[in-house]
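K.L.:
If you want the building blocks of each chain, they are given just below.
Protein chains: 4
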Amino acid sequence: MERVYRLVMSCPDQVGIVAKVAGFIAEQGANIVEANHHTDAGNGWFFMRHEILASSVPFELAEFEAKFAPIAEQFQMSWFISDSARPKRIALFASKEAHCLADLLYRWHDGDLPGDVVCVIANHNDLRAMVEWHQIPFHHVPVTPDTKPAAFAEAERLVAHYQVDVIVLARYMQILPPQMCADYAGRVINIHHSFLPSFVGAKPYHQAYERGVKLIGATCHYVTEELDAGPIIEQDVIRVSHAHSIEEMRRLGRDVEKTTLARGLRFHLEDRVLIHGNKTVVFSQ
Amino acid sequence: MERVYRLVMSCPDQVGIVAKVAGFIAEQGANIVEANHHTDAGNGWFFMRHEILASSVPFELAEFEAKFAPIAEQFQMSWFISDSARPKRIALFASKEAHCLADLLYRWHDGDLPGDVVCVIANHNDLRAMVEWHQIPFHHVPVTPDTKPAAFAEAERLVAHYQVDVIVLARYMQILPPQMCADYAGRVINIHHSFLPSFVGAKPYHQAYERGVKLIGATCHYVTEELDAGPIIEQDVIRVSHAHSIEEMRRLGRDVEKTTLARGLRFHLEDRVLIHGNKTVVFSQ
Amino acid sequence: MERVYRLVMSCPDQVGIVAKVAGFIAEQGANIVEANHHTDAGNGWFFMRHEILASSVPFELAEFEAKFAPIAEQFQMSWFISDSARPKRIALFASKEAHCLADLLYRWHDGDLPGDVVCVIANHNDLRAMVEWHQIPFHHVPVTPDTKPAAFAEAERLVAHYQVDVIVLARYMQILPPQMCADYAGRVINIHHSFLPSFVGAKPYHQAYERGVKLIGATCHYVTEELDAGPIIEQDVIRVSHAHSIEEMRRLGRDVEKTTLARGLRFHLEDRVLIHGNKTVVFSQ
Amino acid sequence: MERVYRLVMSCPDQVGIVAKVAGFIAEQGANIVEANHHTDAGNGWFFMRHEILASSVPFELAEFEAKFAPIAEQFQMSWFISDSARPKRIALFASKEAHCLADLLYRWHDGDLPGDVVCVIANHNDLRAMVEWHQIPFHHVPVTPDTKPAAFAEAERLVAHYQVDVIVLARYMQILPPQMCADYAGRVINIHHSFLPSFVGAKPYHQAYERGVKLIGATCHYVTEELDAGPIIEQDVIRVSHAHSIEEMRRLGRDVEKTTLARGLRFHLEDRVLIHGNKTVVFSQ
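Protein sequence lines correspond, in order, to chains A, B, C and D. FYI, the numbering for the first sequence is 1 to 285, going by my numbering. FYI, the numbering for the second sequence is 1001 to 1285, going by my numbering. FYI, the numbering for the third sequence is 2001 to 2285, going by my numbering. FYI, the numbering for the fourth sequence is 3001 to 3285, going by my numbering.
Isolated chain A (complex conformation) (with noise of 0.2 Å):
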């Protein structure tokens, strides 16, 4: 993967933001390797996301912001560009089941997440093993509802000494506080083990067993204070028939957790989804 510049923006629909734009790029003789654009008719908003080669830009990002600024200021954009040499940084939220944990380190192990794995926090201490001998320091931060929050305190101390930039809760089975959810907005993703908007909260493979479904899936979502109602980022489902248990549909159901979760967060990671209200655009390949 050749180094890129990620120019990401949302703003209201006009005639020639495109042309602005692409101009501006060409001007600098840079390359665009990818371009993606949505325009939402329904609210009148307009989307775009541009992978540029970075050896194809003739100076540093900093200055390519200040050159930019004029033009986002000129289109009220909601906007930001990222360099894919700096991959974001990773919090794992784990408790005791290992799939969607297990699933994400193996891709950072072998280079396949565009990420950095940089702490594990987990409410229980089952897992270290596992993450300690992928050298990822593992910090163990139990949860009782006595001691709620300051756990959340140390949890969010520890995500600030380590300077993260997405929190994954990779089957993490706590709620977080709602002024947590707040201050990571777009920053904190949850895998849910149901189809959603179906079997909101918990035991749901219990839930689509009682209703009969035929199929069950996985949601990747942002996380708000509202449970499972946050914006959705990937969503896949797998077919189940009478002849499975709830523990058969709970075996079923984590490969399709871990692998919506690592579709949905790899999404994140390229900054492919730009949120709007409670829905996503997601400017996958």
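If you are wondering where the hints come from, they were derived from the structure by calculation, not from laboratory data. Source: prediction; values computed, not measured. Heads up, the beta-carbon is just placed ideally off N, CA and C, and yes, glycines get one too. Heads up, some of the hints might be wrong.
To give an idea of the chain A side of the interface with chain B (calculated C-beta under 10 Å), a few residues [what the hints assert, rightly or not]:
{"no.": "1", "residue": "Gly212"}
{"no.": "2", "residue": "Gln235"}
{"no.": "3", "residue": "Lys279"}
Below, a list of computed lysine to aspartate or glutamate pairs in the DMTMM-like style, where the Cα atoms sit at most 25 Å apart [unchecked claim]:
{"no.": "4", "chain 1": "A", "residue 1": "Lys20", "chain 2": "C", "residue 2": "Glu2065"}
{"no.": "5", "chain 1": "B", "residue 1": "Lys1067", "chain 2": "B", "residue 2": "Glu1034"}
{"no.": "6", "chain 1": "A", "residue 1": "Lys88", "chain 2": "D", "residue 2": "Glu3247"}
A few chain B residues that face chain C, going by a derived Cβ cut-off under 7 Å, partial list only [what the hints assert, rightly or not]:
{"no.": "7", "residue": "Ala1098"}
{"no.": "8", "residue": "Ala1102"}
{"no.": "9", "residue": "Tyr1106"}
{"no.": "10", "residue": "Trp1133"}
{"no.": "11", "residue": "Ala1243"}
{"no.": "12", "residue": "Asp1255"}
{"no.": "13", "residue": "Thr1259"}
{"no.": "14", "residue": "Asp1271"}
{"no.": "15", "residue": "Gln1285"}
On the provided structure of chain A, position chains B, C and D as indicated by the hints.
P.N.:
Quick look at chains B, C and D alone, frame taken from chain A:
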């Protein structure tokens, strides 16, 4: 397709059922073409379906039934035997949207539907020409809030007149009266244009669009008094993105609706669906 | 659907293309509804498609073309601009099997096909009634080994007569003459009943059955002189098992064939498919 | 999971097999947990698998076998009975690529694999640390053109030493010698990184990229002397587009490879796969 008898039964699970039934079939010298079993360990219930080559049975169906009855009695079976040479008689209920109706009519016309479409009952007249081209009687039975009881009385009269075995709501946008749901329990099949239990009720594509889901779906289920809550026969989904408007979701959804309905109906017509409580056992191939 | 112009182009990749094109569009005050880009890094080629709101362009299409021509020249573009108000004219070629034909006719009838079916040409008479019910001219052009040259001459005469833009081989079981493949390059779409390149040629379901594959598929592709080897537009698969006979594979496959063909054809009709060498760029939504 | 015996058999089809077998099981007072039948009408062969609750059988497995043998004899069955309490012993063969190996090791570690990984044999040393962390013996057996016979003799010695039941080629890039294929027929499972029979042999993703397919896949199959031509156990696919480079296809493909291998292997470990000729009957749930 060779002519087969389908022996379908469920009962409390106990040792020896399969041996007894298979022994009975073997004693008649009958040839089993397909056999399916399912034991629901959770509630201790047993389900079984056999396809038996009709030509290998040396007497008529009535005699088969009479001989089998004592075994059914012994195991307290809920059971029946059907004959593929007497396909189920289908009434299609439709409204204005043609896609599910057209799909089923085409399959019937092409010899692909293991059942007989004997009439279409619609609350609008729009689809008359399409139905009549297939030389199937079309009955326009308008439904308004005021005429609803009379309209459904007329619909039931037609259903009785045509000796209908199964009613298919092919995007029929009316809610059946509770008494009719009860009278035809397990014999009315609906296609709901969402992946239930998500998006019950009206305008599911609008709901899906608002929630920002990444897959939309359809659910084929038996109709019960509670709206969109009956036993599910079949479900399927298709991927959507931020780029799809509600209208495009409706278009993509139509293909899922019609194939999901056709698959679910086929299972029913071949006596592959056993209802138990609010769930189904579907012995698909 | 509002009326749009579709500006579609490909050319050697170089800095400044997007800026130039987007600048041109913005200068006319025209509103971009959808934009797609693709850079093929391997061969240094660039592909782009814009949908432009027709009502936002202050002059006719011919003037748009004339104004854009110098830019196209400058970048050595292969390009065209089309108008959604002038849907492509489609000739359906059929034989005896009805499923793909019936599906496309129904979509057209329902207003779901962004093109116009102007005639059906078939080498058997079986499907005449179905076609004529839709008030579409049906031409029976039998093909035998002896009459093949004359038959295809007649077919080409009809295609010319109806001013056909695209020929769809809707399970037409004849192989087009090489000259016709060349003359209509990129304008003849076939549906092959296998997941190409597996099972080229005759009886793919038999081949699939013999090989014991666990998924069967269909491939929508442009026709070239080499059998089943042209650029692929769209593919899909469905799961099968040991329990499915060849006949059941054919039945299951029919559903995949017709939806795959409909999707691929739709991409073509909306000018979303760009051919480059023996591959396609498909700007699906 | 309760302990079960798995009685698996195939034989020429004839009236009375099920009755005889089910009668035998019932006479022992044994409880059937799961039963599957398949009649291949084409070649007149019958396949059956029963899961029997071990605790419901009043004697040991050897006695069960001895009592059943006359029935097997009578119907000329190819058969065996296995015990879920004696999981199959697995040797994983690996090379440098880690994804399939890591996935299977993780499933084993998590208690999700119904078998026992007893050793890893690799022709490179790269994956030693990962394997040894799981406390599984790792044997580095290099293979060069010159040393191939000696290397495979050593591999076979290890397989014998560890009393291996099934060999899994987890992206092992070597071709087994014909004699070894014959000796371990039906006991060597490979994952090929294409949707066979497309793209046999080397570099299937390159082949897929060149052909411009819209789906890529993976195939789990038994190894036979003919390369990539053995009986298929399981296959799956994932969607790709023009936007995916070969490298991205490889990345997407890795997820399909590992889940397809894990599913296929699971079927084998649970004795759900019956080989007949060059095809399989897979009694999945």
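K.L.:
Each hint: holds or not?
P.N.:
Results of checking the hints against the structure:
1. For Gly212 of chain A, the suggested interface contact is upheld, since its CB lies about 3 Å from the closest CB of chain B, less than 10 Å.
2. The beta carbon of Gln235 of chain A is positioned within 10 Å of a beta carbon in chain B (closest approach about 4 Å), and the interface hint is therefore held.
3. Because the smallest distance between the Cβ of Lys279 of chain A and any Cβ of chain B comes to about 3 Å, under 10 Å, the interface hint for this residue holds.
4. Distance check on the hinted pair: Lys20 of chain A and Glu2065 of chain C sit about 22 Å apart at the alpha-carbon level, within 25 Å; holds.
5. As the CA atoms of Lys1067 of chain B and Glu1034 of chain B are separated by approximately 21 Å, the hinted pair is consistent with the 25 Å bound.
6. Restraint check for Lys88 of chain A and Glu3247 of chain D: satisfied, since their Cα atoms lie roughly 22 Å apart, inside the 25 Å limit.
7. Below 7 Å, beta-carbon pairs count as interface contacts, and Ala1098 of chain B has one with chain C at about 6 Å; its hint therefore holds.
8. Hint status for Ala1102 of chain B relative to chain C: holds, with the closest Cβ pair at about 5 Å, below 7 Å.
9. Annotation: interface hint on Tyr1106 of chain B holds; nearest CB of chain C at approximately 5 Å, less than 7 Å.
10. Against a cut-off of 7 Å between C-beta atoms, the interface hint on Trp1133 of chain B holds, since the closest Cβ of chain C lies about 5 Å away.
11. Residue-level restraint check for Ala1243 of chain B holds (minimum Cβ-Cβ distance to chain C is 4 Å; threshold 7 Å).
12. Hint status for Asp1255 of chain B relative to chain C: holds, with the closest Cβ pair at about 6 Å, below 7 Å.
13. Taking 7 Å as the C-beta cut-off, the interface hint given for Thr1259 of chain B holds, the closest approach to chain C being about 6 Å.
14. The restraint placing Asp1271 of chain B at the interface with chain C is violated, with a minimum CB-CB distance near 17 Å, outside the 7 Å limit.
15. The beta carbon of Gln1285 of chain B is positioned within 7 Å of a beta carbon in chain C (closest approach about 4 Å), and the interface hint is therefore held.
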